[in-house]
Amino acid sequence: MSGSICLRCLARPVAAIETAAPTSRIATAAFSTSAPLAANPPKKKGPAVAVKKQQHTKSFTKARAGGKGGSGGGRPPQQGERKAMRKRIVLSNTNALEVHGLEDMTAKNIVDSQSAGKMLGLSNEVLDALRAAAAFKPTQGWSLFRRPATLVRKETLEVVRQLEEAGDKKSTVRQVIFGEKGSGKSVLQLQAMAAALLKGWVVIHIPEAQELSIGHTSYQPVKIGEETVYVQPHYIAQLLGQIAKANYTVLSHLRLSKQHNLPIPVQSNISLVRFAELGAGDADIAWPFFTALWSELTAPSAEGEGMARPPVLLTLDSLNFAMGNTTYLNAELQNIHAHDLALVRQYMDILSGAESLPNGGAVIAATTESNKPASPALDFACERNEALQAGKEVPEWDPYVKVDRRVLKVMEGAEALHLKGLSKDEARGVMEYYARSGMLRQTVNDSLVGEKWALSGGGIIGELERSSVVMRV
Amino acid sequence: MATAAKQICRQARQVSQHRAPAFTTRPSQCLYAQRPSLRSLSTSALRSEEQKDAAPSADDTSSDSAPYFNKTFYATLSRDDKLDYRTVSASERRKMERVASELSDAFDNKTSRISRELTEYVNQMADEVNEEFPEPPQERERRMDGFFNMGEKEDIGPDEEFGEDDVSSIAHGELEQQREMREYARLAGWEMPLLADLQVPFQPPTSATPLRFRYTTYMGEQHPASRKVVVEFDPSDLKLSEQQTSKLIKLLGSRYNPSTKTVKMSAEHFETQAQNRRYLGDTVNSLIAEAKDPKDTFEDVPFDFRHHKPKRVLRFPEEWLLTEERKRALEEKRRLGLEQEQKRQLISGVGAIEQQREIDLAAVEAPIAEAAQVKIPAGKMGKKEMGQKGRRS
Numbered sequence: 064m065s066g067s068i069c070l071r072c073l074a075r076p077v078a079a080i081e082t083a084a085p086t087s088r089i090a091t092a093a094f095s096t097s098a099p100l101a102a103n104p105p106k107k108k109g110p111a112v113a114v115k116k117q118q119h120t121k122s123f124t125k126a127r128a129g130g131k132g133g134s135g136g137g138r139p140p141q142q143g144e145r146k147a148m149r150k151r152i153v154l155s156n157t158n159a160l161e162v163h164g165l166e167d168m169t170a171k172n173i174v175d176s177q178s179a180g181k182m183l184g185l186s187n188e189v190l191d192a193l194r195a196a197a198a199f200k201p202t203q204g205w206s207l208f209r210r211p212a213t214l215v216r217k218e219t220l221e222v223v224r225q226l227e228e229a230g231d232k233k234s235t236v237r238q239v240i241f242g243e244k245g246s247g248k249s250v251l252q253l254q255a256m257a258a259a260l261l262k263g264w265v266v267i268h269i270p271e272a273q274e275l276s277i278g279h280t281s282y283q284p285v286k287i288g289e290e291t292v293y294v295q296p297h298y299i300a301q302l303l304g305q306i307a308k309a310n311y312t313v314l315s316h317l318r319l320s321k322q323h324n325l326p327i328p329v330q331s332n333i334s335l336v337r338f339a340e341l342g343a344g345d346a347d348i349a350w351p352f353f354t355a356l357w358s359e360l361t362a363p364s365a366e367g368e369g370m371a372r373p374p375v376l377l378t379l380d381s382l383n384f385a386m387g388n389t390t391y392l393n394a395e396l397q398n399i400h401a402h403d404l405a406l407v408r409q410y411m412d413i414l415s416g417a418e419s420l421p422n423g424g425a426v427i428a429a430t431t432e433s434n435k436p437a438s439p440a441l442d443f444a445c446e447r448n449e450a451l452q453a454g455k456e457v458p459e460w461d462p463y464v465k466v467d468r469r470v471l472k473v474m475e476g477a478e479a480l481h482l483k484g485l486s487k488d489e490a491r492g493v494m495e496y497y498a499r500s501g502m503l504r505q506t507v508n509d510s511l512v513g514e515k516w517a518l519s520g521g522g523i524i525g526e527l528e529r530s531s532v533v534m535r536v
Numbered sequence: 261m262a263t264a265a266k267q268i269c270r271q272a273r274q275v276s277q278h279r280a281p282a283f284t285t286r287p288s289q290c291l292y293a294q295r296p297s298l299r300s301l302s303t304s305a306l307r308s309e310e311q312k313d314a315a316p317s318a319d320d321t322s323s324d325s326a327p328y329f330n331k332t333f334y335a336t337l338s339r340d341d342k343l344d345y346r347t348v349s350a351s352e353r354r355k356m357e358r359v360a361s362e363l364s365d366a367f368d369n370k371t372s373r374i375s376r377e378l379t380e381y382v383n384q385m386a387d388e389v390n391e392e393f394p395e396p397p398q399e400r401e402r403r404m405d406g407f408f409n410m411g412e413k414e415d416i417g418p419d420e421e422f423g424e425d426d427v428s429s430i431a432h433g434e435l436e437q438q439r440e441m442r443e444y445a446r447l448a449g450w451e452m453p454l455l456a457d458l459q460v461p462f463q464p465p466t467s468a469t470p471l472r473f474r475y476t477t478y479m480g481e482q483h484p485a486s487r488k489v490v491v492e493f494d495p496s497d498l499k500l501s502e503q504q505t506s507k508l509i510k511l512l513g514s515r516y517n518p519s520t521k522t523v524k525m526s527a528e529h530f531e532t533q534a535q536n537r538r539y540l541g542d543t544v545n546s547l548i549a550e551a552k553d554p555k556d557t558f559e560d561v562p563f564d565f566r567h568h569k570p571k572r573v574l575r576f577p578e579e580w581l582l583t584e585e586r587k588r589a590l591e592e593k594r595r596l597g598l599e600q601e602q603k604r605q606l607i608s609g610v611g612a613i614e615q616q617r618e619i620d621l622a623a624v625e626a627p628i629a630e631a632a633q634v635k636i637p638a639g640k641m642g643k644k645e646m647g648q649k650g651r652r653s
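So the protein sequences, as listed, match chains A and B.
Per our numbering, residue 64 is the first one in the first sequence, and the count goes up by one each step.
Per our numbering, residue 261 is the first one in the second sequence, and the count goes up by one each step.
Just chain A, same shape as in the assembly:
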């Protein structure tokens, strides 16, 4: 450390400051007030879920039992331990029954209209990939059942059909899923990701736009032409790691095809997995690696080994956080708009149709209804687009209320998918799955389905699950 300071004049070399490249990722955040641990990627979840869970419980019981002062005393949880508990994803419940005859989701049956209203399990490969992409959330009820399975609803079939069409025609699907809290927006996104993975697409998922906008990760300005955008190096490094892990099978067959201006020398025919992992290893080179990877993925397919380029699925959850001002400040001490963040801008360019995916693909964003920032422009745009699609009377923006024009512009032309409650048949399908898992004791008949369907606000699946499985009498 002291080597960089000239002891005689107490001055540091200028060059060292400007290109100060921290050797380790954790050492310094570029500009961040949060503890370095918080900015770290979440612990990688291996397939051995149950073992991990046991470890956690062990540490907690140990902490409680070790306290000499009796009840209330004991070692306080270590730094990050509470958050790890909070963010823990449990995908299995050994006490739940195994559902016999539960099919796995395949590329074939996910588009089949026969599967409507049926539950389909997730195969291990898809499960690992989704886990790596952080597609599961702790608020979802995965921990109630033996293994993860999802309900194929009519919106699922429709979304998957659109994906298939986009892959065939090399077009881009631009979709925003919105709907009530607990209506299954994130799970629909997960199903789209699962379908894309089964089709051999590349999936890039931002699990929480909140992580990008609430100022918990470092950021730095980057000039692109005239404009200044803000890059979040640590988050992008973590995202590159997720991309590499989630799309391992696809990316390992693809090779670098272009010459890129990269800060470190890279083998010219390196596989894209290795390339992404290189970028993930160092936050300082993450952004150039990400842009290079992006240009590789959006390059047109070519002949030759590893030169074919699959379609890309971009997903982003909690879109509300990416549709307004962030808590980051610029040099003028004004809040940075989320669309000035480099990563968000990449997504928004595709969502708005400013950039298209030459190999086909889709961008699917889902809004959130819990703990969301007010984004009236987004709400309005969803409503407007839905009305336009349905050919109904289009609502007008109140001319005396200030509007976020950037949001409206991005949302122009994006398809708005309003997710409502399940139909009664779908509700019956999912309730039979609950019963087969032994989590719902009653007999699933018309009256029970009708009762739970009505109680859950017309088949809002989160509420349905809560009323029939979580809050069991």
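Straight line, CA to CA, 30 Å or less: simulated BS3-like cross-link-like pairs of lysine-lysine:
(1) Lys370(B) - Lys342(B)
(2) Lys569(B) - Lys465(A)
(3) Lys217(A) - Lys487(A)
(4) Lys571(B) - Lys244(A)
(5) Lys603(B) - Lys217(A)
(6) Lys455(A) - Lys521(B)
(7) Lys571(B) - Lys435(A)
I should point out that these hints are in silico values taken from the structure, not numbers from a laboratory.
Fit chain B to the supplied structure of chain A, relying on the hints for placement.
Just chain B now, with coordinates in the frame of chain A:
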């Protein structure tokens, strides 16, 4: 009543202490004669006051003697006595003089018997009266308004003792109410029908008078809002073009109600209703003139109805009404569902658990049962267990 008695008493005292003898031929004045004969409506009994002759009247004297006129004595007499003195005979005049001198002696001399007796009698009477009608409560001296008693009610002192001669104040209140009701009943019976003569048939307003003014009267009472005038009108009644009407609405701002499509303006900053009305009329005229002004049509300004929150009228959906037809349809639907259900296999959680338990049990039992079914050769039976193997070899 008490005051009357007091007055008599006071007079009596005066008489008793008077230096000059009092002559009178007329009875003493009755104080009650001056009072009104009756109260209009009262339940308290009238009491007759005992007439008291406080002063002894002097007897007339008469004598038949030669003309006699004592000028000095005459001068001391009062006017009435002078008249008497002139009419009576000389002997009587002398007698008068004598009596007067005797009386004067008797009264002036404090030690004389008459004077003593009279004074005693008067004092006695005064004491009696005092006892019967005690002094009214003395008005207390008003306290100075200081900081601590500022705004306090004045001390009204103790209540007067109730003399059992009147009904209670509640009863008085009831009576007062009764009187008031009768008064209004008389009004309603006699005067109200006359109002019908003032009736004017209703003339609906024409399109020539689109302004609707509202005045408020407080029936002659002073009220700060009595000068207020409100005008209401519909901008579409003003015979303006569509563009002019919308400009007028934009100019009117929050005075326009988009739900009822009316404008409401009021004025109360002038002293009289007429002035306020005139002001409103002038304002409406200038607004219309502005709306007609084609210089700026305000077409680039959107309507601003932020001031108005439309009232939500919640309506029960008619399709939710349980009509006979709908009831029948529901019955049919339920029946069909039940039929469908009988055909399919129902799934229950308890059943699933039971099934799984059987499967698990079978998985445990199967190897045991399998092992049990394997035949063991008869010759070797039991040898292992008995530990014979080693012995035999």
